[in-house]
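Engineer: This is what each chain is made of:
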Amino acid sequence: MIGAIAGREVRGGLVTPLPWVLLGLGQVALAWVFLQVIEDFSGLTADERVASLTQEMALNLFGLAAVIAMLAAPLLAMRMLSGEFRDGSFELIGAAPIRLGQVVTGKFLGLVALVTPLCLLPAANLMLLNGATAIDAGQVTAATLGLWLSAMMFCAIGLYASSLTAQPGASVLVAFGLLLLFSVVGRAESLAAESLSLFGWLSWNEHLLWFLLGAVRLSDLAYFILFTGLFLALTHRRLANRRLQ
Amino acid sequence: METLVRVTDLSRRFGGHLALSEVNLCLDKGEVLGLLGPNGAGKTTCLRLLGGVLAPSSGRIEIGGIDLAQRPIEAKRHLGYLPERPPLYPELRVDEYLTFCARLHHLPRRRTAAAVEEAKARCGLEDSGRRLIAKLSKGFRQRLGIAQAILHSPRVLILDEPTEGLDPLQMRELRRLIRELARDCGLIFSSHLLPEVQAVCDRVAILHQGRIQFDTELAADQPANSWRIRLGPSANAGRLMDLPQVLGAAALGGDRYRIDLDAAASSADLAREIMQADLALYELVPERSDLERVFFDLIGVEDRA
Chain A
1 MIGAIAGREV RGGLVTPLPW VLLGLGQVAL AWVFLQVIED FSGLTADERV
51 ASLTQEMALN LFGLAAVIAM LAAPLLAMRM LSGEFRDGSF ELIGAAPIRL
101 GQVVTGKFLG LVALVTPLCL LPAANLMLLN GATAIDAGQV TAATLGLWLS
151 AMMFCAIGLY ASSLTAQPGA SVLVAFGLLL LFSVVGRAES LAAESLSLFG
201 WLSWNEHLLW FLLGAVRLSD LAYFILFTGL FLALTHRRLA NRRLQ
Chain B
1 METLVRVTDL SRRFGGHLAL SEVNLCLDKG EVLGLLGPNG AGKTTCLRLL
51 GGVLAPSSGR IEIGGIDLAQ RPIEAKRHLG YLPERPPLYP ELRVDEYLTF
101 CARLHHLPRR RTAAAVEEAK ARCGLEDSGR RLIAKLSKGF RQRLGIAQAI
151 LHSPRVLILD EPTEGLDPLQ MRELRRLIRE LARDCGLIFS SHLLPEVQAV
201 CDRVAILHQG RIQFDTELAA DQPANSWRIR LGPSANAGRL MDLPQVLGAA
251 ALGGDRYRID LDAAASSADL AREIMQADLA LYELVPERSD LERVFFDLIG
301 VEDRA
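Protein chains in written order, with the numbering used here: chain A, 1 to 245; chain B, 1 to 305.
Keep in mind that the hints are not guaranteed to be accurate.
A few chain A positions that, by computed beta-carbon distances, are all more than 10 angstroms from chain B [claimed, not checked]:
| # | residue |
| --- | --- |
| 1 | 15 |
| 2 | 50 |
| 3 | 75 |
| 4 | 96 |
| 5 | 173 |
| 6 | 221 |
| 7 | 237 |
Which residues of chain B face chain A? A few of them, derived with a C-beta cut under 10 angstroms, are [as the list claims (entries may be wrong)]:
| # | residue |
| --- | --- |
| 8 | 74 |
| 9 | 90 |
| 10 | 149 |
Non-contacting residues of chain B with respect to chain A, defined by C-beta distances greater than 12 angstroms in every case (computed) [said to hold, decoys possible]:
| # | residue |
| --- | --- |
| 11 | 40 |
| 12 | 60 |
| 13 | 65 |
| 14 | 73 |
| 15 | 239 |
| 16 | 275 |
| 17 | 278 |
Hints were generated in silico from the structure; no laboratory data involved.
All residues carry an ideal CB built from backbone N, CA and C; glycine is no exception.
Kindly produce the complete structure, drawing on both the sequences and the hints.
Structural biologist: Structure follows, in C-alpha cells:
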C-alpha cells in the first residue's frame, strides 16, 4: 500500500516539469561553484592550500546542494497534500481502507525519491575528477549521506507544511519559514549562555557540517532522524484532525 | 433483509453551525435510497460522514454491522464513494488511475486488470484507457469518478450527485447501471433532480436544515389522476364533489382546487362536467407528482399563486 502511494507520487511528480527544472537549475548552480573551486584550488601553490580538494569541494558543493534541496523540498511537497486538499482528490484516500500512517509514509517516500537525484548531483559532479586527481571516496560518501539526511528532514517539514493548508502557495511559505528558522536558530547561540548550546544543536547546518568534514557521528544521525520523525508524526496528527474539523 | 448501513442519531457540527442533526437512516441490500434536499441541507455532509472522510460529532454509523468509527479499515472495505467533486489525479491516464484505485482498495493484482476493464465498460470508458485525465471533459471525469467507486464491487455505494455533468443519454445509462448494481449492493445517492430520484429510487429521504424531514418508500407505480383547477371567483365549489367522476376535491386557497379523478376519466371529461355544472373554469393543469409536492411542502416554498 505504501509502495502504491509512493509510486503514484513519483509518477505524478515526474510528469510535471517541476522536478526537472529544479534538477536542471541545481546542476547549473553546482557546475558554477564546481568550476570556481577548481580554479581557486589550481591557482594556489601546494603551501598555500589549507585543505584538500575533496574538503573544499565537500564544503562548497554539498553546502550549496543542501540549500537547493531546502528550496526544492517544499515546492515538491506542496502538491502532495495541500494540492490534493484543494482539488478534492484527497477524498479518494480518505474513503479508502488504508491507515493514515501508510498515507504519510507513502507520500514521504515518494517525496524523498523525487529529491534523491538532487542529493546525488554533487557526488556525480565530483566523479568527473576521478582519474585526474585522488578523491577521498569516504568523505564524499559521508557528505552525500549527510546531504540526503538533511533533504529527508526538509521533506518532512515540507510535507507537514503541506498538510496545514489547502493553499499550496501558503504551504510553501510556511515551509520556508520553518526551514529558515531551523537555519538561523544557531545564530541565537551568542545571545544565550555559552555553556547552553541548545540553539546551536537545533540548527541543521551545524550537524551537516560534520558530515561534510567526513565524520558520521551518531548524534548527528539522531538529530536528522529525530526531526524527520517528529514532523512526520505532526503530519499524521494533522491529517487525523482534519476529519474532526 | 440484510441491513447494510445503519445510521443512529448522527450529528455533525462545524464550529457553531449544526450541519446535521440526529439523522437516522437504514439501508438494506438491494435498496436504492435517494437523498434529497435544497442546497445547504446537509446532503454532502451526510454522505462524507458515511464515506468515512469526516468524523461525526455524535452518533454512530455501521457499515455491514461494522462500526465505522471504531474499525474504519474493515468498514471502508465495503464502501464505494464518489464525492461531490470526482477525486481524480489530472496527471495520470485513465488506466493508471483505476489501477491505483484498485490497489488502494486491496484488490488482488491478478483481478485488477479484469476489474478495471469491467468498471470502464460499465461507465462507457472503454476507449478512454490511454487518455490523460487532465484532457477529459466534465462528463467523462464524472464517469471516471463513478468507475473508481464501483471498481472493487463494494456492498455499499455512496454517490454524491452522480448525474452532475452527464448528458441525457449517459444519465439514462447511469439509471440502468444503478438498478443493475442495486441487485447485490445497497446504494445511497443525493441529487437535485426529483424525476431522476423518482425514477430510480426505492426509498427517498428529504433533508432540510440538517434534519431528515421525510423518509418513505416510493411506490413503484402511482396511479395518480390528480388535476389542479382554478374556478371563477363566484363559483360554488361545493358542487365539485357532486360531479360524477370526481373522487375527491381539496381547496388550495385562491379559488384553486385539487381534484382526484376516477382512473378511467380524463381531463376532457372533467372540463366538460365543470362546464355542464355551470362553474367557470379558468385553469386546468395536471397536479405535480407526489414527491415534488412533498418536497416543496416540506421546505416551505409551496407556491400558492
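Engineer: Could you run down the list of hints and mark each one as holding or not?
Structural biologist: Hint-by-hint comparison with the structure:
1. At roughly 5 angstroms, the least C-beta separation between residue 15 of chain A and chain B is not larger than 10 angstroms, which violates its mark as non-interface.
2. Under the 10 angstroms C-beta cut-off, the non-interface status given to residue 50 of chain A relative to chain B holds; the minimum distance is some 49 angstroms.
3. For residue 75 of chain A, the shortest C-beta to C-beta distance to chain B comes to about 16 angstroms, beyond the 10 angstroms cut-off, and the non-interface label holds.
4. Distance to chain B contradicts residue 96 of chain A as a non-interface residue, since its nearest Cβ pair spans about 4 angstroms, not more than 10 angstroms.
5. No beta-carbon of chain B comes within 10 angstroms of the beta-carbon of residue 173 of chain A; the shortest separation is about 24 angstroms.
6. Its beta-carbon lying about 33 angstroms from the closest one in chain B, residue 221 of chain A satisfies the requirement of being farther than 10 angstroms from that chain.
7. Distance to chain B confirms residue 237 of chain A as a non-interface residue, since its nearest Cβ pair spans about 14 angstroms, more than 10 angstroms.
8. Nearest Cβ of chain A to the Cβ of residue 74 of chain B: about 7 angstroms, under the 10 angstroms cut. The hint holds.
9. Hint status for residue 90 of chain B: holds, given a least beta-carbon distance of 8 angstroms to chain A, under 10 angstroms.
10. For residue 149 of chain B, the interface hint holds, the least distance from its beta-carbon to any beta-carbon of chain A being 9 angstroms, beneath 10 angstroms.
11. Non-interface status of residue 40 of chain B relative to chain A is upheld: no Cβ of that chain comes within 12 angstroms, the nearest being about 18 angstroms off.
12. Distance check for residue 60 of chain B against chain A: the nearest CB is about 16 angstroms away, which clears 12 angstroms, and the non-interface claim stands.
13. The claim that residue 65 of chain B is not at the interface with chain A holds, since no C-beta of that chain comes within 12 angstroms of its own (minimum 16 angstroms).
14. Residue placement check: residue 73 of chain B does not keep its beta carbon more than 12 angstroms from all beta carbons of chain A (closest about 5 angstroms).
15. Every C-beta of chain A lies more than 12 angstroms from that of residue 239 of chain B, the closest at about 60 angstroms, which supports listing it as non-interface.
16. The non-interface label for residue 275 of chain B is consistent with chain A: the shortest C-beta to C-beta separation is roughly 59 angstroms, beyond 12 angstroms.
17. With a least beta-carbon separation of about 63 angstroms from chain A, residue 278 of chain B lies farther than 12 angstroms from that chain, consistent with its non-interface assignment.
When the structure is compared with the earlier hints, violations turn up for hints 1, 4 and 14 and for no others.
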